[in-house]
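**Q** Protein chains in written order, with our numbering: chain A, 1 to 131; chain B, 1001 to 1137.
It is possible that some hints are incorrect.
[What the hints assert, rightly or not] Okay, derived cross-link-like pairs now, DSSO-like style, lysine-lysine, Cα gap no bigger than 30 Å in a straight line:
hint, chain 1, residue 1, chain 2, residue 2
1, B, K1003, A, K4
2, A, K28, B, K1082
3, A, K2, A, K22
4, A, K28, A, K46
5, A, K22, A, K67
6, B, K1113, B, K1078
7, B, K1064, B, K1113
8, A, K67, B, K1082
9, B, K1015, B, K1041
10, A, K2, B, K1113
11, B, K1113, A, K22
12, B, K1003, A, K71
13, B, K1003, A, K2
Calculated from the structure, these hints are not laboratory results.
None of these values were measured; they are calculated from a predicted model.
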Amino acid sequence: MKIKVLSIPVQDQEKALKFYTKTLGFIKKVDVPLSEENRWLTVVNKEEQDGTEILLEPSPKHFEPAKTYQKALFDAGIPYTQFNVENVQQEYDRLNNLGVEFSVNPKEMGTVKIAVFNDTCGNKIQIVEML
Amino acid sequence: MNKMTFYQKEINRIKGICHSNDGQIQTVIGMRNYMEDNFDKELNLDLFSHIRFTSKFHLLRLFKKYYGQTPRQYLIDKRITKSKSYLRMGMSVSETCYSIGFESPSSFSTLFKKKTGKTPTDFQKEQFSQSQSKVDS
């Protein structure tokens, strides 16, 4: 078995694609139209385009429990997932300038530094730097 | 005034419990940085423990406690990541092997295969064919 795709639930795929590529800097990898306006839509990181893909899946739109779960995590400020960065402060500054909203500002937690932002698609996402 | 979220409260709680020993944290961070800078050399914990005035075994335990991996595991991962980027740049397998601090290309190849599922040669071939197909398309 291989870890090829992991998913993030998003409320609006088109908006998510824009945020994850234009703002976060990922690259679109697969985009297959499925039923109605739904797509099999994945992104990868630039430096490792053959690496694990993230599926931006429209589950909160079509499956009530997914919507409830997503909202509960969001309201509690709990990140849905996390990405690693070289430098949290620099990434925080860059995203902040682009108008991204942070619920946890850069903070050292033992051997890592973290920050948490709103992905505008229903999730909090954590960025992590190993110290 | 924003109310603290559940997550923010948890972060503070965990920080208080797990990350209160700043001396230990600074020691393991120093150790990781040392490995980051010296991944191409033989890992010398004796030297490091001498600098930090702590026993080698204490250092090993501390590192595992805070990073969840032994220093050796960490170093191996670091070297494999580094070797991938050298191979992508077109460096030969033996050159790559010596650049990441390995003595023998055959033990490097074995380890590389164990960690990535392919030999360094196959990995390199694959990378070139991928970048070629990007150019072609």
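**Q** Does each hint fit the structure? Answer for all of them.
**A** Status of each hint after checking the structure:
A C-alpha spacing of about 38 Å is found between K1003/B and K4/A, which places the hinted pair above 30 Å, so the restraint is violated. Restraint check: the Cα-Cα separation between K28/A and K1082/B comes to about 26 Å, which is no more than 30 Å; the hinted pair holds. A C-alpha spacing of about 28 Å is found between K2/A and K22/A, which places the hinted pair at or below 30 Å, so the restraint holds. Between the alpha carbons of K28/A and K46/A the distance comes to roughly 9 Å, so the proposed pair stays at or under 30 Å and holds.
With a C-alpha separation of about 25 Å, the suggested pairing of K22/A with K67/A holds against the 30 Å cut-off. Proposed proximity of K1113/B and K1078/B is supported: the alpha carbons are some 15 Å apart, at most 30 Å. For the given pair, K1064/B sits about 25 Å from K1113/B by alpha-carbon distance, which is consistent with the 30 Å threshold. For the hint linking K67/A to K1082/B, the alpha-carbon distance of about 41 Å lies beyond 30 Å, and the restraint is violated.
A hinted pair counts as satisfied when its Cα atoms are at most 30 Å apart, and K1015/B with K1041/B does not qualify at roughly 34 Å. Restraint check: the Cα-Cα separation between K2/A and K1113/B comes to about 15 Å, which is no more than 30 Å; the hinted pair holds. For the hint linking K1113/B to K22/A, the alpha-carbon distance of about 36 Å lies beyond 30 Å, and the restraint is violated. With a CA separation close to 17 Å, the supplied pair K1003/B and K71/A stays within the 30 Å bound.
Of the pairs offered as hints, the one joining K1003/B and K2/A is violated, with about 41 Å between alpha carbons and a cut-off of 30 Å exceeded.
Hints 1, 8, 9, 11, 13, counting from the list given before, are not met by this structure.
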